[in-house]
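A.B. asks: Here is what each chain is made of, one letter per residue.
Protein chains: 2
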Amino acid sequence: MADPFEQLRERMAALADLRNVSQLLDWDQQTMMPPRGAAARAETVSTVERISHDMFVSDQTGRLLEAAEAHLDGASPDSDDASLVRVVKRRWEKARRVPSDLAADLARAASVGQQAWTVARRESEFAGVAPYLERNFELVRRYVDCFDDLDCAYDALLDDFEPGARTVEVARLFDELKSELIALIAAVAGRSDRVDDSCLHGHFPVDRQRQLVTWLLEQMGFDRASWRIDDAVHPFASGFGNRDVRITTRWDEHYLPTSLYGAMHECGHGLYEEGVAEALQRTPLGHPESLGLHESQSRLWENMVGRGRPLCGVLAPRIAELFGGPVSGLDGEGLYRAVNRVAPSLIRVEADEVTYSLHIVLRFELEQELVEGRLAIRDLPEAWNARYKEYLGVDVPDDAQGVLQDVHWAAGLIGYFPTYALGNLIAGQLFRCARADLPDLDVQLAAGRLHGLREWLREHVHQHGAKFSTSELLQRVAGGPIAVGPFVEYLKGKLSQVYDLDLG
Amino acid sequence: MADPFEQLRERMAALADLRNVSQLLDWDQQTMMPPRGAAARAETVSTVERISHDMFVSDQTGRLLEAAEAHLDGASPDSDDASLVRVVKRRWEKARRVPSDLAADLARAASVGQQAWTVARRESEFAGVAPYLERNFELVRRYVDCFDDLDCAYDALLDDFEPGARTVEVARLFDELKSELIALIAAVAGRSDRVDDSCLHGHFPVDRQRQLVTWLLEQMGFDRASWRIDDAVHPFASGFGNRDVRITTRWDEHYLPTSLYGAMHECGHGLYEEGVAEALQRTPLGHPESLGLHESQSRLWENMVGRGRPLCGVLAPRIAELFGGPVSGLDGEGLYRAVNRVAPSLIRVEADEVTYSLHIVLRFELEQELVEGRLAIRDLPEAWNARYKEYLGVDVPDDAQGVLQDVHWAAGLIGYFPTYALGNLIAGQLFRCARADLPDLDVQLAAGRLHGLREWLREHVHQHGAKFSTSELLQRVAGGPIAVGPFVEYLKGKLSQVYDLDLG
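Chains A and B are the protein sequences, given in the same order. For the first sequence, this note's numbering gives the first residue as 1, with consecutive numbering after it. For the second sequence, this note's numbering gives the first residue as 505, with consecutive numbering after it.
For reference, chain A alone in the conformation it holds in the complex (with noise of 0.2 Å):
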């Protein structure tokens, strides 16, 4: 009989390469795809997600998992043998309560709504995507119905994301951020006056915010012989295996920050795709699996170095050769002010640090509703727009820069939201390591020097790919589960820097 292991090894590598399919057939439909190939694509990503679950629930795999662990004697749980058969194990158990066309329904609806979103964003007209809505959050309720163990319908959701987060755990984390977000808001409410960011508005010509992004790209470990960078509506970051690894960007040429930080942040989503351990590749341990450790890759990069002081010294003095006219004078020290200005705002990618978790925050609330039918889709615009006005005190003008700017809802990516700000305090803790164990990062960092970083990144969290959920790769590294304090702390002392306070 042949090694339970490779059995299993040899099953799971099948399934790592649908993976890669389904990965690929989606970045080609946001990046590639001519718009009318959607009703076709639709379908393939329904019959390859079809297959590969079937492939993945049937009782072969739940026998060679059997074996497998009979075998593990004693092995380390550690090892990458053991942390196979226990990921592929909890993955199983939960896949196998869906059924097969529910599953390939799932992933149907996600295809040709995210087509429908790119049209009804363009047109700011949510009733072209609304149906979409309807049909995705049915699938979803479905989905739940799956499950009978569940504290609350939204579980389920969120631990696809997520693995392991309970929905109780996650609103008491967000209710000790968002009082916590508040305080800071009004701390600096009364000093708009210290900060001005009109550097960053004018005109930016897109082919010199090319050469910027990739000069800056390429110091964060962007290479291309195994990346590529492209445009999309909504940028995201994909990986093959960790030799085949790309982000997408856009560009405004009225908004410096759009393609400059949104680049850093998918190249922290892809530097934690390229540094998983060649060991693990093609198993299911070879993608990262908890969405929040990547977010707080790519937030981490994105916000601690990007907008941080040292890096900013770094930035100003290129942007101001590149760019010239009313940013020629621009210094490292205006710049870190500039991209850290605090405002309530209508779009979340482009929020700052501060209010960031806000957009979060309600998003996570209005998914709830939507899910368990306190809130029908039909209302959803208005609630959004109310729910912007409560928590940010801004008015929605239209549904493009509201409930349509998002396009998680109608690709059905429904639980995931909660995963960004939850992604901002993972990245708090772990840049409070990597600083205790890198004496002399802000100084690497005021050199442009950003492998350092990567480096300890890679050890610490990227080589390790799905070994460990969340809270097991944070005991190791931070000693504790997702904490509030350290991402709060970190914005206080870069608030007090910037407005020029004690925030203590």
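No wet-lab data here; the hints were simulated from the structure. If a hint is listed, it holds; no wrong ones were tucked in.
Per the computed footprint, the stretches of chain B lying under chain A, defined by three or more beta-carbons under 8 Å from a beta-carbon of chain A, are:
{"id": "1", "segment": "523-537"}
{"id": "2", "segment": "540-547"}
{"id": "3", "segment": "729-743"}
Sample of chain A residues with no beta-carbon within 10 Å of chain B, all distances over it, derived:
{"id": "4", "residue": "D73"}
{"id": "5", "residue": "A75"}
{"id": "6", "residue": "R90"}
{"id": "7", "residue": "R91"}
{"id": "8", "residue": "E93"}
{"id": "9", "residue": "D175"}
{"id": "10", "residue": "E472"}
{"id": "11", "residue": "G479"}
Quick caveat, the model's predicted, so the values are computed rather than measured. Just so you know, even glycine gets a beta-carbon here, dropped at the ideal spot from N, CA and C.
Given chain A, put chain B in place with the hints provided.
C.D. replies: Below, chain B alone, put in the same frame as chain A:
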């Protein structure tokens, strides 16, 4: 019990989706994938082939076929249902003789070989691709061994690209064609002073070439809603259903025909994919199967239309206006003569219409020798160069312009080449029929109106997808099998004009 046709269609629809996946994996590899992604991509390609092969050759497919066949109940052989059963049964009976492992190995080796070729060609280093050719031909011999009822080994390969074709019959056609072509080459050999093609060589900025090509493709039917065009080292066309058609081309700043006729050629392929009837989408009949027929479409557009006198009259003033300088005085007659100059040369895809088929004949001969083991891979470059000297009288300066010019063997496409010359013959037959049906065709083309011909091709060829074999289709349209006569007559007519000869 469910309708056996419905069950068969459902299974075949999933297989059609998997075919699209394989096509996308290949399209992406050739146009987008970062080079270091190749190893993972080869595994993915192999896994998809294995799953698809297993699903297709299963006994369940056989049972569905049998039930569907019993259900046909006197349906016309031309009906979609009868064609589905006929075509799927033929493919199933062939595919089930091939073990799944071998199918997967062939797919993996093709993907790996294709990538190796890209590097080897760039560096003109045959040794870089030789081990991959060894592997591909070894696998192909194992593939041939799966069939015990062949007249010759090559039949099994040829049939994959041109279903129903037999090596002996193709050899007979090629013998006839070769002697006709050699006579034509001899007839014009002393008259090279009649044709000046210097207008095609010069400086043609790529952005203006793009303008010219875009305009021309749009006249043919290219539409960004369902098409895209990209760059590729070795241009090709792909179809993912009739609403997602992708072509590729390459640009030579110093030689205009590369992009102009290359793009027309691929667009001809694309129109075939786009033209398949809606009712055949997501069935095994939804993609043209005969590569001879496919090539007839590309060659017809590239040569009979694109290098025809009427359209040259439209193209010449546009070229003159766009590029000016040495071509500012170009007229239709001058362009017509230039693009039809007969001159033995090194590169197949840039050969004139007369010598082109000789490039094919020698490949057809060499690959039979390689399959049968009469020629060793290590001796291939020498054999290639000797054959070029013998058939075309040219000296091959390096492997990049010799045996490495085509990707096919490295990409596992063995038995494919003859379909190019068969395509020329079929194009000759179809163009003759179109002329008879559309008496004002020249007037239309001379006015730049290409849709009349496109619609004729759609009605007589494209819409049928893979319903009919080449001989069935030619019987319907031209009243007989593949023949050399019409193509040679067409060439004689053209050469008589271009070289001021009477070739009767």
